[in-house]
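**Student:** Listed here are the chains, written in short residue letters.
Protein chains: 2
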Amino acid sequence: MYTLYTTLGSGNCYKVQLLMHQLQVPFRMVQIDVLKGETRSPEYLRINPNGKVPFLVLPDGRTLGESNAMLLHLAEGSDLMPQDPFERMRVFEWLFWEQSSHEPYISPARFWIAIMPEGRVEKAEQIATWHERGNAALQIMEKHLSRHDYLVGDRYSVADIGLYGYTCVAQDGEFDMSAYPAVSAWLERVKQSADYREMMDLATAA
Amino acid sequence: MYTLYTTLGSGNCYKVQLLMHQLQVPFRMVQIDVLKGETRSPEYLRINPNGKVPFLVLPDGRTLGESNAMLLHLAEGSDLMPQDPFERMRVFEWLFWEQSSHEPYISPARFWIAIMPEGRVEKAEQIATWHERGNAALQIMEKHLSRHDYLVGDRYSVADIGLYGYTCVAQDGEFDMSAYPAVSAWLERVKQSADYREMMDLATAA
Numbered sequence: 338m339y340t341l342y343t344t345l346g347s348g349n350c351y352k353v354q355l356l357m358h359q360l361q362v363p364f365r366m367v368q369i370d371v372l373k374g375e376t377r378s379p380e381y382l383r384i385n386p387n388g389k390v391p392f393l394v395l396p397d398g399r400t401l402g403e404s405n406a407m408l409l410h411l412a413e414g415s416d417l418m419p420q421d422p423f424e425r426m427r428v429f430e431w432l433f434w435e436q437s438s439h440e441p442y443i444s445p446a447r448f449w450i451a452i453m454p455e456g457r458v459e460k461a462e463q464i465a466t467w468h469e470r471g472n473a474a475l476q477i478m479e480k481h482l483s484r485h486d487y488l489v490g491d492r493y494s495v496a497d498i499g500l501y502g503y504t505c506v507a508q509d510g511e512f513d514m515s516a517y518p519a520v521s522a523w524l525e526r527v528k529q530s531a532d533y534r535e536m537m538d539l540a541t542a543a
Numbered sequence: 338m339y340t341l342y343t344t345l346g347s348g349n350c351y352k353v354q355l356l357m358h359q360l361q362v363p364f365r366m367v368q369i370d371v372l373k374g375e376t377r378s379p380e381y382l383r384i385n386p387n388g389k390v391p392f393l394v395l396p397d398g399r400t401l402g403e404s405n406a407m408l409l410h411l412a413e414g415s416d417l418m419p420q421d422p423f424e425r426m427r428v429f430e431w432l433f434w435e436q437s438s439h440e441p442y443i444s445p446a447r448f449w450i451a452i453m454p455e456g457r458v459e460k461a462e463q464i465a466t467w468h469e470r471g472n473a474a475l476q477i478m479e480k481h482l483s484r485h486d487y488l489v490g491d492r493y494s495v496a497d498i499g500l501y502g503y504t505c506v507a508q509d510g511e512f513d514m515s516a517y518p519a520v521s522a523w524l525e526r527v528k529q530s531a532d533y534r535e536m537m538d539l540a541t542a543a
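So the sequences go chain by chain: B and P. Under the numbering used here, read the first sequence as residues 338 to 543, first letter to last. Under the numbering used here, read the second sequence as residues 338 to 543, first letter to last.
Mixed in with the good hints there might be a few duds.
Note that the list lumps identical chains together, so a pair holds whenever it fits in one copy or between two copies.
Taking lysine-lysine pairs in the DSSO-like style, the calculated list, with each CA pair at most 30 Å apart, reads [stated by the list, open to error]:
1. K528 x K480
2. K480 x K373
3. K373 x K389
4. K460 x K528
Bear in mind the hints are in silico, worked out from the structure with no lab data behind them.
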């Protein structure tokens, strides 16, 4: 069985949980409390020397970091990973774009507003930058999703899961989602996918 | 023929140029001067609304952003992309890790030290952070490369190209490469790969 080291409320962890749940891949979860410094504990660093979550242990003991690498590895061969080379290219593009231009802004804005609000005043300047760049990312999604139901190939895929992880909590980072009607409609569409589960449902399962 | 929109001295652009050169894929380059604001010109934004480089136009007119998505798309089916699922998993892991934990620190440190040194004093605090995190990334590479000649499957692959792009210029960002003998030996090994070209050789070719 797979073991996923995970932390409550992390969009990067949620992506992997949602994919495994939707693929009906059995896995157990081990909760690591990032806020308590558990990713830096000697015990966890023996498991994952990079000290990050999510972290996946495969049934044969091999280990894997990087949430989007997990998505590509786990989805391969399933209906959630296209076979067409140009659709695959788009999956790669969205997943790298998520890590370079979306998650680095939406995730910390949400963290310092919704999870660690005591740091909000000190982070005000950075939050303004994250809002500006996160909104630029949401505008790119809005433009695409105003013409397509899904991110790649007009059907639900691992690219949608990759982008859903933090887009579904952007409102908690005070991104005004009413400005993004096509993104909002897509969020609802993802919720209708087979075996969909909310972040907090999966966080406490397994 | 492929067209690559590129900018002089960018490691993200160089990766794609090096791969295409080594795969003997014919391409032409269009130089975009980021420092002169050309990625934000109306003309360029009509080509790439995201305003970034590198940007690839495929022979059939389709376009592709994200350097590492280009690497995965172009390398597929060649000797530089493994076929084994677990080796592919490692390629994905290194390429996502490069964008999340390596390039975001090594690239800006090098930029503000070697390319825009007039901003160095103002950026001193950030440069210290980039050095700390960039060195952490180089230590992870050092640990792996002290036991392996290459990043994946003990042979040269697209993962090496992905990491080479900014590791080869880390010294210009005042990362002390003498602290990383295995990484330094790997840099030399990459230079021995078939049809290798230096960054500046490819920047002026086309």
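**Student:** Confirm or reject each hint.
**Tutor:** Going down the list of hints, with the structure as the test:
| no. | hint | in the structure |
| --- | --- | --- |
| 1 | K528 x K480 | within (20 Å within a copy, 42 Å between copies) |
| 2 | K480 x K373 | between (39 Å within a copy, 27 Å between copies) |
| 3 | K373 x K389 | within (13 Å within a copy, 38 Å between copies) |
| 4 | K460 x K528 | neither (32 Å within a copy, 43 Å between copies) |
This entry does not satisfy hint 4, going by the numbered hints stated previously; all others are met.
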